[in-house]
Each structure stands twice: as structure tokens, then as C-alpha cells.
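Protein chains: 4
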Amino acid sequence: MTTIGFIGLGVMGAPMARNLLAAGHVVTAHNRSPGKVAEFVAAGGRGAETVAEAMTGAEIVITMLPDSPDVTAVMAGPDGVIANAPAGALVIDMSTIRPDVARGLAAQATAAGLRFLDAPASGGEAAAVDGNLSVMVGGETADLAAARPVLEVLGATIVHVGPAGSGQTVKAANQLIVAGNLELLAEALTFLDAHGVDLSAALQVLGGGLAGSTVLQRKGPAMLGREFSPGFRLALHHKDLSIFTDAARESNVVAPLGALVASLVASMTAQNLGHLDHCALLLLVEQLSGRQPADHAKES
Amino acid sequence: MTTIGFIGLGVMGAPMARNLLAAGHVVTAHNRSPGKVAEFVAAGGRGAETVAEAMTGAEIVITMLPDSPDVTAVMAGPDGVIANAPAGALVIDMSTIRPDVARGLAAQATAAGLRFLDAPASGGEAAAVDGNLSVMVGGETADLAAARPVLEVLGATIVHVGPAGSGQTVKAANQLIVAGNLELLAEALTFLDAHGVDLSAALQVLGGGLAGSTVLQRKGPAMLGREFSPGFRLALHHKDLSIFTDAARESNVVAPLGALVASLVASMTAQNLGHLDHCALLLLVEQLSGRQPADHAKES
Amino acid sequence: MTTIGFIGLGVMGAPMARNLLAAGHVVTAHNRSPGKVAEFVAAGGRGAETVAEAMTGAEIVITMLPDSPDVTAVMAGPDGVIANAPAGALVIDMSTIRPDVARGLAAQATAAGLRFLDAPASGGEAAAVDGNLSVMVGGETADLAAARPVLEVLGATIVHVGPAGSGQTVKAANQLIVAGNLELLAEALTFLDAHGVDLSAALQVLGGGLAGSTVLQRKGPAMLGREFSPGFRLALHHKDLSIFTDAARESNVVAPLGALVASLVASMTAQNLGHLDHCALLLLVEQLSGRQPADHAKES
Amino acid sequence: MTTIGFIGLGVMGAPMARNLLAAGHVVTAHNRSPGKVAEFVAAGGRGAETVAEAMTGAEIVITMLPDSPDVTAVMAGPDGVIANAPAGALVIDMSTIRPDVARGLAAQATAAGLRFLDAPASGGEAAAVDGNLSVMVGGETADLAAARPVLEVLGATIVHVGPAGSGQTVKAANQLIVAGNLELLAEALTFLDAHGVDLSAALQVLGGGLAGSTVLQRKGPAMLGREFSPGFRLALHHKDLSIFTDAARESNVVAPLGALVASLVASMTAQNLGHLDHCALLLLVEQLSGRQPADHAKES
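Protein chains in written order, with this note's numbering: chain R, 1 to 300; chain F, 1 to 300; chain Y, 1 to 300; chain E, 1 to 300.
No lab work stands behind these hints: they were computed from the structure. In this text, a Cβ means the ideal position worked out from N, Cα and C, and glycines have one as well. One or more of the hints may lead you astray.
With a straight-line Cα cutoff of 27 Å, these simulated DSSO-like cross-link-like pairs (lysine-lysine) come out [to be verified]:
hint, chain 1, residue 1, chain 2, residue 2
1, R, Lys239, E, Lys239
2, Y, Lys239, F, Lys239
3, F, Lys239, F, Lys36
A few chain Y residues facing chain R, derived, Cβ under 8 Å [what the hints assert, rightly or not]:
hint, residue
4, Ala270
5, Gly290
6, Gln292
A few chain R positions that, by computed beta-carbon distances, are all more than 10 Å from chain E [stated by the list, open to error]:
hint, residue
7, Leu21
8, Asp143
9, Val253
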């Protein structure tokens, strides 16, 4: 039984905090909008009105927030995690943020006598609910060893990928591959549809060979069924690809497909379709191919 | 037991013909270079010095050749398959060729009183040896029903995807997705390496989430081990992406990622690296990122 | 005074033929739709009901047709230019077609005892009317010397760029640069507009520095004025970029910007906007950027 | 006669400061490395050991520095321009920096009782020497009116393009168009060379039509002559394209060609070729096309 301070009860954070509760941990949660805290208290957890209050007695602190500025805001300042967490506490940021920001926070936390892991996760809401996330962890080996019993409540695959920031770097690469796979599948399905192929049969045989992927298996049927409600919103994927693009540029890595798919995802948000699931990239390929306006989904 | 005429004993065709033999069929094989025929005869098969000779008594004809002109040459003319196959024979072209050429050959074969299926396969040499190919079939349902017992010797997944030409269309889409996946993985690994991440650990956690794919599982370790001997040669993938690009253009499908990845694969062949396995796209990303000249593989 | 057979009285061909007439040459013209021939006769020219008839007594034959198959059809067969032109006649194809087709026609014409130049032109309808075309000529130096007095009626810049087919190769490169320049300008203007910049002032200062170009000077104001009537239709530019793309592939030249801009122009035709001037690429950038649907021009 | 404080005596700044001197202005210059100041004093100017010292009596302050952080450093702090310029002085930043940084500096300067223009220039070293720059100015109309007599010493084209930051926005668009034009020309010349075309003749005819541009005219012969010494270094162009890319993303503008050409320029710097003139993009196209290794220029 571990005493855990938990910040961020959003789509991902809320089920994660409940799973920790169900596993017998003492979890004190804070969220900017208090309604989510009330739901968590109703489910048997403890609520905190401030970040500082959630730090009381915490052995482990977990943050699950939308973007780099949110995490920075929660960590820093006299009311933040770093100033208020008990000495020696282990802070685990599971948000998807910039690797350089993660490295900076790790340095600040360490300087303040805390321990820090960056531990973003993939798998989406379903995996958060099922405790089946894939977690990519950057930081000290010993700190991951200490965190592992808690992280294993949240995810089935917990992998140490390198020093501070490495978890975020791997998450950025993950988001590149996922976006690219979705766009490739969208181009393939539009191509097949234009040639009068049986799309369900095509998905079956493509999935059985070297073209098979988790994206094809999970998102192919959603594309065929035109089921574009999230899931994982394009607006968030746009943010994640900006992280990849910036980090690639800073390290002199040239990723032409990455640059192009980032442009295509950016187009979806620019066209006010960022609220759709990322498999709605299909709509963009159909728009470019003159098969359907991209805003088709708005009408339904 | 079926009497089969088999044309093309290359890297893929030779093990396929031997598997048909092992399943008890009567197989008469022809190949342009006679050495391959001699090997097949030594393995218990029947050899034919000409295409026409291989047609003798054939109920089913299978062709497995490199490219559209090869298949057209073998099918057409007074010495070809169409002029010499017995009336009502079922011709199955398992080569990867242009969908429009496949449709044309289907029309010619039908006009000559034959039946025709386009049935390209994915899975590569290993799957050809193991009888584990994925076969995507275009043509008449009844003809596939007749062909199925023979095709099931060669592949585990045999899927009817639509009318004549559809098998080739799906194969083109397959090659798009595979090339795109390889390039995305190459960009991701170069990015992770530049940031000092543990690449084996990264592959493990990426494979466990939405970024997982058959390409990542099979070709990721090859990239890390710098194992670029084929496998599937970039020169062939270049040809296949040209098929995709042309067929997309003809059907007004706009595939930006497809166009770009076709350029990148074309660069590998232009740089005289077409003999390497397609996972050698890693070398191009490393070259563009200033991490290593693309011709590194030549030196080993 | 030269006796000229002229095939193709379209948007470009009609004013060219009239300019030749005005310069004192004897011009016999044929066109598939006879109305254009009647107009030419009314303007003082001679009309021909067939290609063969237009060859009567011709010292020089000029063809100005939409695409490779059109030129091939007019040249070949018992009723074509090659079979009917007088021995030693000089055939000048001024259409924009595939370089390999041009080389093939040159070989056929030469084998038939004729001379052949490929001499595509840039400058558009206005330059055709004004006799101000830029003409890029492939073929024998002596043949261009013979053709020059006639070509100088049509254009101000007549340049010999290499052996047979070279004129078409340079025209393909011309179309690449023009399309790329239009797309770059469209991206720049959309970017500037989004940032509240004075677009007319920006065009002025951009044109005065290293960013200056004929495209910026002629098409920038058209973009600002949203004047998308042709000019040069996107559908034709799409055809021309296909010529570039295919010829680049055949010669192992990797042109990433070329491949991408070809995709973008293809999207305009796929979206049924191929009838607009090529500066309407602005609409595509605005569409992708969520600033305006691409079919805006349809409504006006 | 105006009293001018001038910060930054680099490749561009040094000739600009001398031109101001020659026009009769009183110019006090500061540079981080003092050798440049000594040269300026030897040429008749006044030297300042600190930024603050250069502000003494200044009616106009001009800064010409490499990048956003340099300008920010010189402007801010107790020793900076803003704290030390006389009340009401007009600060003109002619560096190429981020538009958002320019807007921020304008706000700070205004709050401190100064006036501010962002006035980046194009034309390169030659135009700086000749007083022939194109200057794109963002800020208040009245401030440009006050600055114009001084700016006209430096440039032939001085255009007001909008409010604060607009000059930098137009400069970013300028750099997009120039980079794109260079890459298109590199692709075209590689394509023409592969087809055996006479490249000088091709440049002549391309320049005479719609493909004509200042880049083609000035940089085409340099590419043919393989003259890659700067001129304008790829490393600086890489920085400028990052400014464009970031500003486009922030304003939801999708620029696919811009994203791709930024990747290609990034590859040149990643391959340690950032010291070459930007027309060395030719080497990248030749590398991708297998015609020559990109590091060819290193050997000469």
C-alpha cells in the first residue's frame, strides 16, 4: 500500500486513479475543475482542493495532464508539486510532453531532493480503463524499480528506455508511427475503394501479411464504418507531432515522412476537425481525392 | 491430384512449385534459365523446355514472374500460355503486376476460352517456403472455388477481394503500407538513436501499443542488427510502388505519403542500393541526417 | 515564303497559324472539329478536310495538339503525317508530349525520309497571339536552322537544347518549375494573409529581391484578385507533371518537391477544379489551412 | 545628419554601417568581437565598447544580428538597448528573427518610451555593400517615415508591409520562396542533365518564359559552374525556414512544400554542409539521384 498524490482526472487520468484505488493504494487526487474530484471522492478516493494538499504524505506523485505548459505549471512555483512534495518522494509524470521539458523538470525535481520519472503511456482510454497501458519510462533504473509495483497496476508493458526524457522521446516516436500508419491506411483504403475492391476482404488479407499492424486491426474497421468519434483526438495528435518535429529538428534528424504527415494532421485541426478521432485522416485523403468534402463528419 | 503447368522458378516460384509437388500434384515447370528446371526435375518434378510444353494437359496454370512485361510475354503470342493451354484451363497469375495489365490478360484469356485469376501474394521467400503466403485474389468467385485446393497448398490466407485486377490492386496497397511502415520505423529509430534511447527497449514498448506492426516486429531487429541482405529487394519494391503510383493517378486518388515514400525508395535504387532488403531504408534516413553515408552497406 | 501544313487549331494553334499566314506563308490547316478550319479559311488560310490533304506540297509541317496520343494518332498510319508528307519535309511538333514519344516519332519520321524537330513552347495563349513564345527545340542543328525563319514568326526566344526529345525534356522541367513556383506563392500568400500582412505591399517587396519571379509578377496579382479563369488550365498542368514524373522515374532522378507538387495539382483535378487557371492552387492551400473550401470558385 | 547607434558588424552589418558613414551620418558601432569595431574606427567611424555606450545620443539605433536570441540579448537587461537608448529614439532591428519575438520587442520598446520597427532585408552581402537591399518593414507608418532617409542609404526598395512583426513575417515568406525555387531549379537541372540536355541553353530558354526567376538568373549559372561558396549559407537558411515553419504552425497555415523543403535544407546542415551557399541544394538532389555524393564539395 502506497500513498499516492494524483494530479489530473481527465479522460485518461480518472480511470487510472480509480485503478490505483481499486488496487488498495491511498490516492489523494486533485483536478483543476472540481467536479472530477467530487466523482473520484464518490468512488472512494480522497480529494484535494490544491496541488499542495494532494502532496500530503505522498510517497509517489503521478501527473497526467494535456501538455507541456500544464505540467510545468503544476510542478513549479510555491504552490507546485516540487515545492510541496515530501522529501524523497518519487514524481512520475505520465503526460505526453516535450522531452526537453521533461529533462528540465527532472533536473529541478532532483535539485529539490525528489526523484523523477517521465513515463508517458500509449493505448488510449480503453487501455487506461483496463489497466493495460504500454508505459515508456525515462530516468534512473532504481527509481523505476521503486515505481514498478504502482505502474503495473496501470499497464501491462512497463519498459525502461533510457535516462531522463527518454520516455517522452519514445512516446514522440510512437506518435509518429501511429499517425503515419493511419495516413497510409487512409490512402490505401481510398485507393482500393476507387478501384471497386471489397474493402473488408482487403483489410483481412492486408492484416495477415507484412502490412499488418495494430492500427490496421483496430482502426481499419472504424474507417470502413465511418466511426470518427474519439478515441484519440486529432488535436492532441497534432500537439504530439509538433513535439516530434521540434525534437527531430533539434537533433538534426531528417524525417521527411514525419514532416509531411505532421502537415496533414495540422490540416485536420486547421479545418476545425481536431475533435475527431485520428482515424478521420481518411476524410482528408477523400477530400484531396475529390471523393467527399472533409467536413462531412460535421453534418452527421 | 491436379495437373499443373508452372512458369517461373525464381526465388518465390521455386519453393512454391516444390510445395505443390509435395502435396501430390503433377507439376510441369518451365523457366527461362534452364538450370532452375533441372533442379526442379532433380526434386521429382517434370521439366518443360518451352511454355507451350508446360501447358500439356494442364488443368491449372500458375505464373510467378518479376514484372508486367514478363507476364505479358509469357501469356501472349503463338508460343504463349493463352494459345497453348487446354480449353477451360484455369490460369492463375501470382506475379505482382499492374492491375490494368491483369485486367487485360483476364479479358484475353476469357476470350480464348480459358479462366483467369490474378492472385499476387505477400509474405516473401520465407512464406513461400513454408506454404504460408497471404494471397489476394481477383476474378470470378467460382474460379477461386476451383483454385482454392491448390492455392491452399501455397498460402494460409486466401481472400477473394473483387473482380479481375482486384488482387493486384490490393497488392499495390499492401506494398504502399509496407514501404511506408519501413520508412516510418527508420525515421523513428534514427530519431531515438540521436537522443540516446535504448533501441531494443524502445522496439519492445513500441510494439506493445498502437504503433505495433508486423514490419516493426520482423524488420525492427534487422534494422538494429544492420542486417540488410534480402529478403525483399528495394529494386522490386521500387517497381511495386510505381504500380501503386500509376494506378492511383489513373483513378484520381491523391496519396501524398505514397508519393513521397515512392521517391525515397527510388533514391535507394538510384544510389545503386536496390539489391538490399527494403529495411535498408534506414540507410537513407541516416544519410539525410548526416549520421552515415548511404553506401555503408557496400563496404561490409 | 514557305508552304506549311498545320494540324491543330486549338487555343494555341489557331493564333499561331494566323500569325504564319500574316507573315506571308502559305498555310493549309486541318483540325478535327471543322468549325475551326472554317474560321481559318475565313481569315484567309487554306483548309484541309484530312491530315493527308494538309500535307500537299508542304515544306514544313507543324502540329499543335493536346497530348501524346493525339500526336501519335496524327503522325502514324496510312492517313497520317509521316505517310503523306512530301519526301524531305520538316515536321515540327510543337505540342507538349512525352520525351520518349517524341524520340520515337523522330525515329519514325527519319526512317520515312522526313526531318523532325520537337519544339514545345511556353508563354501561353497571350504569347501565341503576340508571336512571343519561348520555343525549346530538340533535334538536328541543321533542321533548326531551316526551321528558324518560320519559328521566329511564332516566338521571340528559339533555343536549341539538344538532340531529339530534348525540347520536350526542357518543357517538362519548365512545367515543374512553374507549378512549384505557383504552389510556393500560394503558400506564402496564405501565410501572410493569416498574419495580417498587407499582401500588395508584400508582393512588391518580394518581387524586388531574390524571391522575384515571372510567376510572382504575373500570377501574384491574379491570386490576390481571385482571378482563376484560364490562362493555363490545371488539367493540362496535371498532364504535364505526369510527363515530368514519368521521365524522372525512368532516368533515376529523385525530385521530392516535384513528386509533392504533382500530388497537389492532381488534387485540384480530382476535386473537379481542373478547368481553373493553375494559379488556383491558392484554393488548395486555403482549403488545407481551413480558410476556405476549395470549391469556392465554383460558386462565383 | 543623424546620430546612429549600430550593433552588429558582421558580413551584412559592416558594409551597412560604412554606407551610413559615407552618407554623412554620425555612426557609433558596437560588435561582440572587438576586431570588427577597430576596422570600423579605422574606416572613420566611432567605436563603442558596450551596447550602452553605442546608445549615447542616438536618434536611431540599428541592430543587425544572426538570430532571435542574439537580438533579445542585445535589447534586454540593464546593459541593453532598451534600457539605455535615449527617450524617443527609434530602434530598427534589421536582423532576420521570429515574428513573435519582434512583436514582443516592439511592445517592450514602446513601453519604455522608444519607437520600434522590424525591418529585415533581402539581397545578401552584395546588396548590403551596394546599398541595394530590399527592406520589408513592420511597425507604425510615422516611424517608417522618420526612418526612411536612413533606410534609403541601405536599400533601394523600402516597403511598409503592416504592423509590428510584419516585416519578419514577409521575410519568412521570402525565405520559403527562395529555398523552394532553389530546390526546384536543382531538381530541374539534375533531370535535364540525366537526359543529356544542353544545360546552358536550357537555362536561357527557361529564364525567358513563365519559369523565369531571380534565383534562376543568379543561381542557375552558379549551379552549372558548381560554385558553392557563399553567398548565403545553408545554415542561415535552415534557421530562417524554422522561423517560417513555426510561424505557419502557430497560425494554422498548412504549407506542404514548405515543410518538405525545410526538411531538405535541414539535411544539408545535418550533413555538415551548412557552410555552403544555399544553391548547393543541387548536391542533395544529385546525392538522392545517385549521381554524386553530397559531400563532393568538401573535397574541392
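Comparing the hints with the structure gives:
no.: 1; hint: Lys239(R) <-> Lys239(E); verdict: 22 Å, holds
no.: 2; hint: Lys239(Y) <-> Lys239(F); verdict: 22 Å, holds
no.: 3; hint: Lys239(F) <-> Lys36(F); verdict: 24 Å, holds
no.: 4; hint: Ala270; verdict: 4 Å, holds
no.: 5; hint: Gly290; verdict: 4 Å, holds
no.: 6; hint: Gln292; verdict: 10 Å, violated
no.: 7; hint: Leu21; verdict: 39 Å, holds
no.: 8; hint: Asp143; verdict: 34 Å, holds
no.: 9; hint: Val253; verdict: 7 Å, violated
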